[in-house]
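2 protein chains.
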Amino acid sequence: MVAEKMYELGTKKSTIRTIFEFGRKRAAEVGEENIFDFSLGNPNVPTPEFVKQAVVDILSEMEPSAIHGYTIAPGNPEVREILAKSINERFGTQFSGKNLFLTAGAAAAITISFKALCEAGDEFIAFAPFFPEYRCFVESVGGKLVVVPPQPKDFQIDFGAFGKCVTPHTKAVIVNSPNNPSGAVYSEETIRELASVLQAKEKEYGHPIFIISDEPYREIAFEGYTVPYVTKYYANTLVCYSYSKSFSLPGERIGYIVVPDEIADFGRVYGAIAGAARVLTHVNAPSLWQLVIARCAGRPSDIRTYVKNGRLLYQGLIDAGFECVKPQGAFYLFPKALEPDDYAFCERAKKYDLLLVPGTDFGCPGYFRVAYCIKTETIERSLPLFKKLAAEYR
Amino acid sequence: MVAEKMYELGTKKSTIRTIFEFGRKRAAEVGEENIFDFSLGNPNVPTPEFVKQAVVDILSEMEPSAIHGYTIAPGNPEVREILAKSINERFGTQFSGKNLFLTAGAAAAITISFKALCEAGDEFIAFAPFFPEYRCFVESVGGKLVVVPPQPKDFQIDFGAFGKCVTPHTKAVIVNSPNNPSGAVYSEETIRELASVLQAKEKEYGHPIFIISDEPYREIAFEGYTVPYVTKYYANTLVCYSYSKSFSLPGERIGYIVVPDEIADFGRVYGAIAGAARVLTHVNAPSLWQLVIARCAGRPSDIRTYVKNGRLLYQGLIDAGFECVKPQGAFYLFPKALEPDDYAFCERAKKYDLLLVPGTDFGCPGYFRVAYCIKTETIERSLPLFKKLAAEYR
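Chains as they are written, first to last, in the numbering used here: chain B, 1 to 394; chain L, 1 to 394.
There may be inaccurate statements among the hints.
One copy or any two copies: either way a pair holds, since identical chains are not told apart in the list.
[What the hints assert, rightly or not] Dumping the calculated BS3-like pairs for lysine-lysine here, alpha-carbon to alpha-carbon at most 30 Å:
no., residue 1, residue 2
1, Lys5, Lys144
2, Lys25, Lys98
3, Lys350, Lys164
4, Lys85, Lys350
5, Lys5, Lys203
6, Lys13, Lys98
7, Lys326, Lys12
8, Lys232, Lys351
9, Lys351, Lys13
10, Lys13, Lys85
11, Lys25, Lys308
12, Lys98, Lys5
13, Lys12, Lys201
14, Lys12, Lys144
15, Lys98, Lys326
16, Lys25, Lys85
17, Lys52, Lys25
18, Lys351, Lys388
Source of the hints: derived by calculation from the structure; they are not laboratory data.
Keep in mind that this is a model prediction, so the values were computed, not measured.
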């Protein structure tokens, strides 16, 4: 009577959702302040004042129909010119408005890209640990997700393992740096090597292999870490960007896809993106927010809270005896669980009302994700509990 | 290298788009004021002041994270309660928040509904004339669009023709009243008969047949015409609503689906809708706009301009010798072309810089659409040109 697959996708609770709901229940029992919910990747830095000001200014300065009317499907041409210029100033690229396609956030941007590119039999490669929705999105457009095993020492790419995953069926490779859930930032060396491997494979197979660079966390990179702009290293790259994290606007659904001139057959790729956006019924990215991001182009993200929280939590976990890669970006740590079964470990952590997400959900068993986009004070109070939890394993 | 179908869908220009672009070119040559562009369904009534005020109030009263944060996928629960209450007050229904699923406008609402319901071999019925994107959306979820021939005397339903189109494969019937492009409003009698035919067919086939009521023009119904609330006549109805036309917010992408308790297996339908929204990557309807529509719930649409324009244009066309159903709602007239080939007719109209859309594009050859959501003064100045055009055919 309904599409069975849609029913499953709409009703099967994710682990994160289940943990979050457990937390809400516990909070009602023992009080909000006694729950240490590290499960959700919701930015906790307030939306910058300049964003609010931009909304107010636009509403007072512009005609309603110019603010709220349909835009053409790729987005307001002036907005796209401004954003392209801003990207060029920051990264030394040479884009113009025609290289951008505005979208309802990064989820739409990556799925539109998958749908635009996917032909029968195509494979899309993700590096573990990875954002679990990749599987759902890739499979929903008829593709197959191929997962490269993790390299836990630093969560860069295990190129030996990667080489075995690339086949003549590989349509694209998903890069997500700064990474959810590992918090790692891919080094320039990693991107260079990735580009070099793919260029060789393109030559070998005689067709393009794309990089889809999923960059919602681009602005959240800590001191000493820079996030290479992938199009400068590899021509066949689509950049998928979102303002969800950089300006704390996750509910507003605004972002874009960059399609470089240098991509194999720009016209066909851009055209297919327009078609994919159409059938996914993203008529246009929300029009007011198009104007807002143009006015705020180039304004910095306030990442101080994430820097402070990341340091504090990392040090606390190390002191408690956990193994963990240093925080480099995003707002996640991905430590090794203290027993091989990460589900059992996260279950045990619940005793202390520490709500953690098992690494298995990200394709990386034996680890767990800690989202530190929460109050610093909550993290401070959680540290003795992590110590108690670790003590159980001695 | 790309999905061929997506490339086609993204690059093949619609007739409306081609006409619009022709108009832009002509406007550059002969001046904006000499072009009579009746091609686009873009609301020209300004967004109400109370909508702007609601945005300003929300920004000043609420915490940014409460405004711009993710909402749950079906939308903010309080917002849904308020909207349900408002629908109940207006239409005597008994919905609560759990019956609503907020979406990025009506295009998303109908496509999510198609995708939620569509199983292999399913057919979806539309009544000609119909919104051309129905075909694209239905086919994109794997369904087959079956078109019922028009009943041009009043553009109600030709039930004889309809009866022949319903088969055991019929999953749903799309109702769009007030109608784009005919401007007709389905009478209570039409809805009653439709419900009665479908109830009999449901019994005969032993499975539900849904009505998907696409209602972006619900508020634009003229004096003497009321738009029946379809759930009151037929249980297996999904209502797809949008604020694009009622509050002139087409670019902001905000609307909802109503799923009545009485629908065959509420849990499965609502669950499948959630799954469809997920894979179409409508993470949540834009969060600020969720709050805005809650504050503006029940506020009236200003349809005075459309009433005035509709009357003026109708009388002008009748005086010029056209055959046309009286304007009842939306902001379209759908007169009979003065020669059987509506493309040739619209081409000839271009001589007078009258930009009209051939009925063939809406599944109804021999007619043409006139969108009158434009300046009244432009309509006034167009009337002598329609007379000249008609004179050519005498």
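So, going through the hints one by one against the coordinates:
1. In the homo-oligomer, the alpha carbons of lysine 5 and lysine 144 lie at most 30 Å apart both inside one protomer (16 Å) and across protomers (19 Å), since each shortest distance falls under that limit.
2. Taking the closest pair of Cα atoms, lysine 25 and lysine 98 come within 30 Å of each other only across two copies (20 Å); inside a single copy the shortest separation is 49 Å, beyond that limit.
3. For the identical chains of this complex, lysine 350 and lysine 164 are neighbours neither inside a copy (38 Å) nor across copies (61 Å), given an alpha-carbon limit of 30 Å.
4. For the homomeric pair lysine 85 and lysine 350, neither the shortest alpha-carbon distance inside one copy (48 Å) nor that between copies (39 Å) is at most 30 Å.
5. In this homomeric assembly, lysine 5 and lysine 203 come within 30 Å of each other (Cα to Cα) only across copies, at 26 Å, whereas the closest approach inside a single copy is 38 Å.
6. Taking identical chains as interchangeable, the C-alpha atoms of lysine 13 and lysine 98 lie at most 30 Å apart only when they sit on different chains, with a minimum of 17 Å there against 40 Å within one chain.
7. In the homo-oligomer, the alpha carbons of lysine 326 and lysine 12 never lie at most 30 Å apart, since the shortest distance is 34 Å inside one protomer and 50 Å across protomers.
8. For a Cα distance limit of 30 Å, the shortest separation of lysine 232 from lysine 351 qualifies neither inside one copy, at 48 Å, nor across copies, at 50 Å.
9. Proximity of lysine 351 and lysine 13 under a CA criterion of 30 Å is satisfied intra-copy only: 22 Å inside one chain copy versus 60 Å between copies.
10. Taking the shortest Cα distances, lysine 13 and lysine 85 sit within 30 Å of each other only across copies (29 Å), while inside one copy they are farther apart (42 Å).
11. Within a single copy, lysine 25 and lysine 308 get their C-alpha atoms as close as 29 Å, which meets the 30 Å cut-off; across copies the closest is 56 Å, which misses it.
12. Proximity of lysine 98 and lysine 5 under a CA criterion of 30 Å is satisfied inter-copy only: 22 Å between copies versus 37 Å inside one chain copy.
13. Taking the shortest alpha-carbon separations for lysine 12 and lysine 201, neither the intra-copy value of 38 Å nor the inter-copy value of 33 Å comes in at or below 30 Å.
14. In this homomeric assembly, lysine 12 and lysine 144 come within 30 Å of each other (Cα to Cα) both inside a single copy, at 20 Å, and across copies, at 28 Å.
15. Neither within a single protomer nor between protomers do lysine 98 and lysine 326 lie at most 30 Å apart by alpha-carbon distance, with minima of 39 Å and 43 Å respectively.
16. Proximity of lysine 25 and lysine 85 under a CA criterion of 30 Å is satisfied inter-copy only: 28 Å between copies versus 48 Å inside one chain copy.
17. When the C-alpha separation of lysine 52 and lysine 25 is checked against a cutoff of 30 Å, the pair qualifies neither within a copy, at 34 Å, nor between copies, at 38 Å.
18. For the homomeric pair lysine 351 and lysine 388, the shortest alpha-carbon distance inside one copy (10 Å) is at most 30 Å, but the shortest distance between copies (83 Å) is not.
Going through the hint list in order, the structure does not satisfy hints 3, 4, 7, 8, 13, 15, 17.
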